[in-house]
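S.K.: Line by line, the protein sequences give chains A, B, C, D and E.
Under our numbering, the first residue of the first sequence is numbered 1, with each subsequent residue one higher.
Under our numbering, the first residue of the second sequence is numbered 1, with each subsequent residue one higher.
Under our numbering, the first residue of the third sequence is numbered 1, with each subsequent residue one higher.
Under our numbering, the first residue of the fourth sequence is numbered 1, with each subsequent residue one higher.
Under our numbering, the first residue of the fifth sequence is numbered 1, with each subsequent residue one higher.
Simulated crosslink set (DSS-like; lysine-lysine; CA at most 30 Å straight-line):
id: 1; chain 1: B; residue 1: K10; chain 2: B; residue 2: K26
id: 2; chain 1: A; residue 1: K229; chain 2: A; residue 2: K40
id: 3; chain 1: C; residue 1: K207; chain 2: D; residue 2: K175
id: 4; chain 1: E; residue 1: K102; chain 2: E; residue 2: K7
id: 5; chain 1: A; residue 1: K102; chain 2: B; residue 2: K175
id: 6; chain 1: E; residue 1: K59; chain 2: A; residue 2: K229
id: 7; chain 1: A; residue 1: K175; chain 2: A; residue 2: K207
id: 8; chain 1: A; residue 1: K332; chain 2: E; residue 2: K333
id: 9; chain 1: B; residue 1: K332; chain 2: A; residue 2: K332
id: 10; chain 1: C; residue 1: K333; chain 2: B; residue 2: K175
id: 11; chain 1: C; residue 1: K26; chain 2: C; residue 2: K59
id: 12; chain 1: D; residue 1: K175; chain 2: E; residue 2: K333
id: 13; chain 1: D; residue 1: K10; chain 2: D; residue 2: K59
id: 14; chain 1: E; residue 1: K102; chain 2: A; residue 2: K175
id: 15; chain 1: A; residue 1: K59; chain 2: A; residue 2: K26
id: 16; chain 1: D; residue 1: K59; chain 2: E; residue 2: K147
In case anyone wonders, no lab produced these hints; they're calculated from the structure.
Note that the coordinates shown come from a computational prediction; the quantities given were computed from them, not determined experimentally.
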Amino acid sequence: MYTGEKKTGKVRITIIDYDEAQFQEKEAKSVEECFPFNDKSTVTWINIDGLHQVDIVEKIGRHFNLHPLVLEDIVNTGQRPKMEDFVDHIFVVLKMLYYDEKQKEAGAEQVSFVLGSNYVISFQETEGDVFDPIRERIRMARGRIRKMGADYLAYALIDAIVDNYFIILEHIGEKIEDIEDTLVMNPEPETLQAIHNLKREMIFLRKSVWPLREVISRLERWESPLIDKSTDIYLRDVYDHTIQVIDAIETFRDMLSGMLDIYLSSVSNRMNEVMKVLTIIATIFIPLTLIAGIYGMNFRYMPELEHPWGYPVVFLTMSIIGILMVIYFRRKKWL
Amino acid sequence: MYTGEKKTGKVRITIIDYDEAQFQEKEAKSVEECFPFNDKSTVTWINIDGLHQVDIVEKIGRHFNLHPLVLEDIVNTGQRPKMEDFVDHIFVVLKMLYYDEKQKEAGAEQVSFVLGSNYVISFQETEGDVFDPIRERIRMARGRIRKMGADYLAYALIDAIVDNYFIILEHIGEKIEDIEDTLVMNPEPETLQAIHNLKREMIFLRKSVWPLREVISRLERWESPLIDKSTDIYLRDVYDHTIQVIDAIETFRDMLSGMLDIYLSSVSNRMNEVMKVLTIIATIFIPLTLIAGIYGMNFRYMPELEHPWGYPVVFLTMSIIGILMVIYFRRKKWL
Amino acid sequence: MYTGEKKTGKVRITIIDYDEAQFQEKEAKSVEECFPFNDKSTVTWINIDGLHQVDIVEKIGRHFNLHPLVLEDIVNTGQRPKMEDFVDHIFVVLKMLYYDEKQKEAGAEQVSFVLGSNYVISFQETEGDVFDPIRERIRMARGRIRKMGADYLAYALIDAIVDNYFIILEHIGEKIEDIEDTLVMNPEPETLQAIHNLKREMIFLRKSVWPLREVISRLERWESPLIDKSTDIYLRDVYDHTIQVIDAIETFRDMLSGMLDIYLSSVSNRMNEVMKVLTIIATIFIPLTLIAGIYGMNFRYMPELEHPWGYPVVFLTMSIIGILMVIYFRRKKWL
Amino acid sequence: MYTGEKKTGKVRITIIDYDEAQFQEKEAKSVEECFPFNDKSTVTWINIDGLHQVDIVEKIGRHFNLHPLVLEDIVNTGQRPKMEDFVDHIFVVLKMLYYDEKQKEAGAEQVSFVLGSNYVISFQETEGDVFDPIRERIRMARGRIRKMGADYLAYALIDAIVDNYFIILEHIGEKIEDIEDTLVMNPEPETLQAIHNLKREMIFLRKSVWPLREVISRLERWESPLIDKSTDIYLRDVYDHTIQVIDAIETFRDMLSGMLDIYLSSVSNRMNEVMKVLTIIATIFIPLTLIAGIYGMNFRYMPELEHPWGYPVVFLTMSIIGILMVIYFRRKKWL
Amino acid sequence: MYTGEKKTGKVRITIIDYDEAQFQEKEAKSVEECFPFNDKSTVTWINIDGLHQVDIVEKIGRHFNLHPLVLEDIVNTGQRPKMEDFVDHIFVVLKMLYYDEKQKEAGAEQVSFVLGSNYVISFQETEGDVFDPIRERIRMARGRIRKMGADYLAYALIDAIVDNYFIILEHIGEKIEDIEDTLVMNPEPETLQAIHNLKREMIFLRKSVWPLREVISRLERWESPLIDKSTDIYLRDVYDHTIQVIDAIETFRDMLSGMLDIYLSSVSNRMNEVMKVLTIIATIFIPLTLIAGIYGMNFRYMPELEHPWGYPVVFLTMSIIGILMVIYFRRKKWL
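Using the sequences plus the hints, can you model the full thing?
M.R.: Have a look at this one:
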C-alpha cells in the first residue's frame, strides 16, 4: 500500500512529551513505547520518520483509534494536501518541499499530522531537519510552546513547513534572475529549455501549495473542540504566509511568461538582423556582378570594350553604384 | 432511443445478493429473475451489461418504479455525469474511461447507477472488468463491504470507476514523456500533430471528469435517508481522488501548452540557423564572384590583366577577403 | 417598435385547446378569436408566427393583462434570453437557432412565451416546424402532455428549442471535421478564413446559449404557483441539455484554437522548407560559380589555364565540392 | 477641486416641476431659484450643465443637505460609476458616452444624480441632448412619467444614458466591419494600428460600462423608501440593457482578437509567398548561371568549346533544366 | 527579526495629541515619552519612522499590550497588506508606494497602523512626507479631523497612502505614452525591454494594491466598537479610490499587452519589407546575369557573337526584361 520510493532503512520513532513544568524526550525502539503517553495529560508529540513499514502505521492507527482511510492516506504518498475532521482527532496532509541539490530541482515529500486532544502524531517519508527548531524551542521552553496545548504544536509544525517554502522560492528566484541576465546578453536554445523547466517547476509547486491555502483556512474556521480559539490567530498568520507563497508563485509564473516573450522576440530580432545582412550584400553586389557579366560577353562588336577609358569608367560606375547603395541603406537605418 | 453504438450481442444480467451472513450470485436468463430480490432485506446488486435492448431497461424501470426520465438517460449514452434524487431512489450517471489499444486513445463509456434503499442497479454499455475486484470482495467478505448497506456498494462502484481514471492518466503521462524526448532531440511536424492529439484527448477527458466533481460533492452533502452518514467519509475520499484526477489533467494541459511553445520556438530556431548558413555563403562568395567577374571583362585596356603578378595578387586578395569574412562571422557568433 | 427584419406576410395565429378529455385546434382569423379561451379551465396554447403587426401583440397584451415592458420585449427582437415573473404570468425570452442553408451559417430567431395559469402564448418571428412534434403529441394524446398543465406545455416548447440546438451543433461539428482534414492535407489561407468564420459563429452561439442556462435554472428554482413541483424534474432535464450544449460549444472553441495553432505552425513549417531549398541551392552553386568565374578571368599569366589537365581537374573539383555539400546536407537532415 | 477640462461658459440650470395635473419648466438665473421647489409635493428635476463653478454645486449641497463627499464626487470627474445611499437621498454617478466626430473616438462624460424623496438633481459636464426626449415626454405627459414619482424620473434618466451606449456600439461595429473588409482585401500596417486603436477603445468602454452593471443591480435590489417597488421592474429592464451592452463589448473584444490573429497570419502568408518567388528564381537561374560560367572559363583545352554543336547543345540543356525546374515547382504547388 | 534594508540612522518618534479644543505636537527623545498619552481622552497619534531598532517597537508593544504576532509583522517588512482585529486594537499593514527617481522605478515601503480606542500608532520604514498634509490639517484644525476620533485619523492616513498611488500611476502612464510614441516611429529591441520592464512594474504594483482592496473592504464592513459608523462612508470612499487604482493597473496591463503585439508584428512587417527588397533584386538581376553569362561563354561557334547587332539586341532585351519585372512588382504592390 505504501506508494513512495522503496526504502529499507529503519523507521525512526521519536517521542517528545511536555507540559509547562516537565519535559521528556526519547527515541522509541518499538512502536508500543508510544502508547502509554496517550493517557497522560501532558502534550505528546510522536514523530515517525519513514512510512515503508506499514505495520508500524497500522499499530499506531489501532491504538489511537484512527479511521482506516486515514491510515491509507498516510502511507499513500500521492495525496493532495487536505484536512479531515474525525471528531476525536483531526487529520492533516501537507507537502514538505525540499531543494534537491543534485537535480537542481524542487522536490516534495508528504507529511501528515494527526491532532488529538493531547497529542500530535507526525508522519514523514524521510528524516528532515525542518522540525529541529521546534524541538529546540520545546527543550529550552522558549516562547509560548510549553504553555500551550497540542493544537499549538500542530500549528508550529505547519508553520515550520510553510516557512521552509520561502527557501525554495528564493532558490527559484535566483534561477530566474540568472536566466534573465542570460536572456539580455546572449539568448540560446538552452535558455528556452531553462525557462521551460522553471515553468514545469512552478506547475509542480503550485499543485503542492494551492490546496494548502484551503487546508489552513478550514483549520482556522473549523469549529472543533480540539482547536482552541487562541490558536486561530496563529493559524491566520500561517494562512497569510501561504498567501504570500502563492503570490510569489503567481508572480514567478507571470515573469516566466514575460521572459518567454522576450526570448521569442529576441530570436525574431536576430533573424531580422541576419536577413538585413543578406539583403544588403545581395542588393549591393548582384547588380555589380551583372555589369561585370555584361562586359565579359564575347560579342565582336562592343564599342565600349575597345575604348581606352572603358575599364576605368565602368569601374568608377560600379564604385559609385556601390556607394549609393550604402548611403541608401544608411538612410533606411539598415546599416 | 438507445444512442450508443449498435450492438447485437445478448444483454448480460448478473445478480449478487448479500448481507453479512449470506451471499448469492447468479446470472439471470430473463430480466424477471431480478424482481424477487427487491423485497428482501439483503443488499442486491443487479448489473446490466448492454443497453441496446431497451425493453429490458423498461421492464426494470417499471418494476423498480423508476422515473421515465431516468430510463431515457440510461439508454441515451451522451449524458453528462450527474446525480438526481427521486426520494425513493438516487440516480447517478458517470463516465467510465478505458484505453483503446487499437486507436491508442482514451475512450469513454456511460455507466449509470440506481441506488435504492436495499439495492443498486448498474447499467454498462459493454462488459468490463473494472467491477471484478468488488465482486471478489463481496464473495470473499473482504473488508467492510458485506457489513455495509447498498449506499456503500454504490460508493465502491464509483470508487472503482474513479480509480480506473488513474490508469488512463498514466498512459497519457507516458505519451507526454515520449513526446518530450522527441521534442528535445528531433522536433518534426508529426510531433506537433501528436501534441495536438493529446490536447484533444485532454479536452475529452476534462469534459468527462469535471462534472464528476460536482456529482460526488453533491452525493456527499446530500441529505437523503438512502445514504448513511457513515458513508460520507468514503464519498469524501472519492471526491479527493476526483480532485487529484482533475489536478493531473490541468497539469497535463499546462505541460502540453509549454511543449507547443517549445516546438514553435525550436522551429523558429532552426529557421534562424538555416538563414545564417545562407547569409554566410552569400556574404562570402557573392563579393568574390564580383571580383572574378571584373577580371573576366573583355576590355582591351585593363593593365592589371597584363601584369605577371595580376592573377596571384587577385587570388590572394580574394582569399584574404574570404578569411576576414569568416573571422567577422566568428566574432558575431554566427559560426 | 418592431426591430426584426421587415416583413409583409400575414401574421398567423393558431390556437390549440386541450385537457385530458378533449382537444380543439384552429387557426384564428383575427386576434379576438383567442380571447374566449382565457376563461376556460382547459390548457390553451396560442401561437403567433410573425411580430411585424405590432397591434396584434398589443391587443393580446391588453386582453391578457401583460406588463407594457413585456410587449416591448416581445417585438424588440434583440433581447437577451431572460425570464421575468409578473405574479399572474411568467415571461420567457429564448433564442431559436436555425441553420441557414444559403449562407451556410447558424442564425437565431427570438421566441418568447407568456405562461399563465392555464395558457401559454408563444411568439415567433417566422413560422417554424420545431413545435410540430409537440402539436402532434397533443393531437394524438401521446405521452404525458394532455394530462399535465400549462407549465408542462411551456417546458415542452423550451425542450423543443434546446433539442434543436443539437442539430446546429452537429452541422458545426461536421464543418470542423472538414477543416481538420484540409488542415492536415493542404492548409490554405482559405482554411484560416474558415476557422475564423467558425470562431465567429461560436461567439454568436455562445451569446445565445449562455444566458439560457440561467433562465432555465431560475425557472426550475422559482417559487411560483404557476409552475408545479412535478414539472421541476423536467426543467432540470432541459437544464442538463443546456449544459451539454454549452459544453459542446466550449469544446468546439478549444478545438478551433488548437486548429489555429496547427495552421500557423504548418505555415511556419512550410516556410522553413522553402528556406531550406533556397539555402541548399545557394550553398551548392554559389561557390562553384565563383570557381568558374575565377577561371573565366582574362589574366595573361594564369598557368592553370594553359595546362592540358586544367579543365578536367577543375571540373572534377567542382563535382567533388558539390557532392560533399549534398552529403553535408544529408547529414544535417536538410535533404 | 473640479478635475474636468477647464471651461469658462456659464453654468446652465434648468428646473422642471410636475405632477400628474400640473407642469412648470424654467431656466434658473441663480442657483437660489431652485430652493423653493424642495418643499413642494410635486416632482422636481433640477438639471445643472457645467461643473466648473464649484460654488453652485456647494450651494445646492448645503440647501439639499448633501454629504460633503457627494459634492466632492460630483465635481471630481474621474469617478467610477457607483451608487451610494445617504438615507434621505441616493447618489448615483454614471458615465455618459458620446462619439467624438473629430477624433473619431468614443469619449465619456460624468453624469451624477441625487435622488431625494420628491426631487432629482442631475449634474452634467456639458450640455447634452440625451435628456431631451425625457423633457418632451414630461411636457407632453406622454407615457407613465407624469403619473410616477422622482424614482421613475431617475430611472428614465439612467435609461436614456444606457440607450445612448447602443449608438456608440453601432459606430464601433461599423468600424470593425470596415477593418474586416480591408483585412481580407489588403492588410496593411495601418490595419494593425486601427485594430489596436479599437482595442484601446474597447478597454475604455469596458471600464465605463462594467461598474454600471453593479450600480443598477444594487439600485434594483436596494431596500430604500426612496425607490418604489413598482420601479424595480423598470430598473431590471435597464439592467438587461446594460448586460446587452457588456455582451456586445465582450463580443467585439473577441472579434478584434480574432482579427489580430488573421492579420498576423496573413502577414506570415505573404512572407511565405515572397520567399517562394525568391526561391524559385534562385533555384532555376543559379544552376544555369553556373553552366554559363563553366563555358566562360578560359582553359586552353576545353573540347566542348571547339565543337560546332557545343553551343546549341548547352543552350538546349539549359532550357531543359529550366523547364524541368518549373515542372518540379508546379508539382510542389509553388507555382 | 527586522527584514528590511539595514539602516543606522536614529529612529524618529513624533507625537501629536489633540481634540477639538486642544493640540500638542512634540518629537519624543525616548519611547517612554509616548506612554502617558495612552491614558488621556484626547486622540494621540504616535508616528515611528524607522523599524531597525526592534527594541523600540517591543517597548511600545508591551506598553500598548499588542499581540506578539503584531510586533513581528511590523518589523518583518515583507508582509502582504492585511487587517487584523485584536478586540482592543485593530492592526493594519499597507504598502506605501514611492517613485525611485534614480532607478526610474516604483518602490514600496511597508507602513503599519495600530488603531486603539483613542490612539493611532503608525510605523514607517523611512521618513516620508505623505502624512505632512494630515499633520497640517490637525495643526490648523482644518476640515473635520479635530472633531473626529482616532478611527477618522486612521482613515486619513490610509487615504493619504492611497492618494499617493495615483502619482505613481501618472508616472507609469507617462512612460507608457513615451513607449507608444517610439513604437509607432521606430521600434527597437530597447522598446521591447522597456515594455517588459513596465510589465514587471505592473506585476509589482498589482501585488501591492490587490490585497489592499480586501483590507479596506473588511475595515468598512467590520463590526468593531473602535470604528464609528460615521467613518464607514469615508472608508467606502477610500475603497472606491482603491478600485480606481486597480482599474488603472488592469488597463495599463491590457495596454502593455497590446503594445507587445504591435511591437512583434511591426518587427514581422519589417522583416517582410526586407524580404521583398531581397526578392526584387534577386528576381530582376539573376536572370539578366544568366544572359550575360551565356554570351560570355567561349564557344567557337556562337553566331550571335559575330553579328554586328548582337550586343545592342541583347542589351535591349535585358533592359526590357528588367522593366517588365519592375512593372510586374508594381502590379503586385511590392514596390
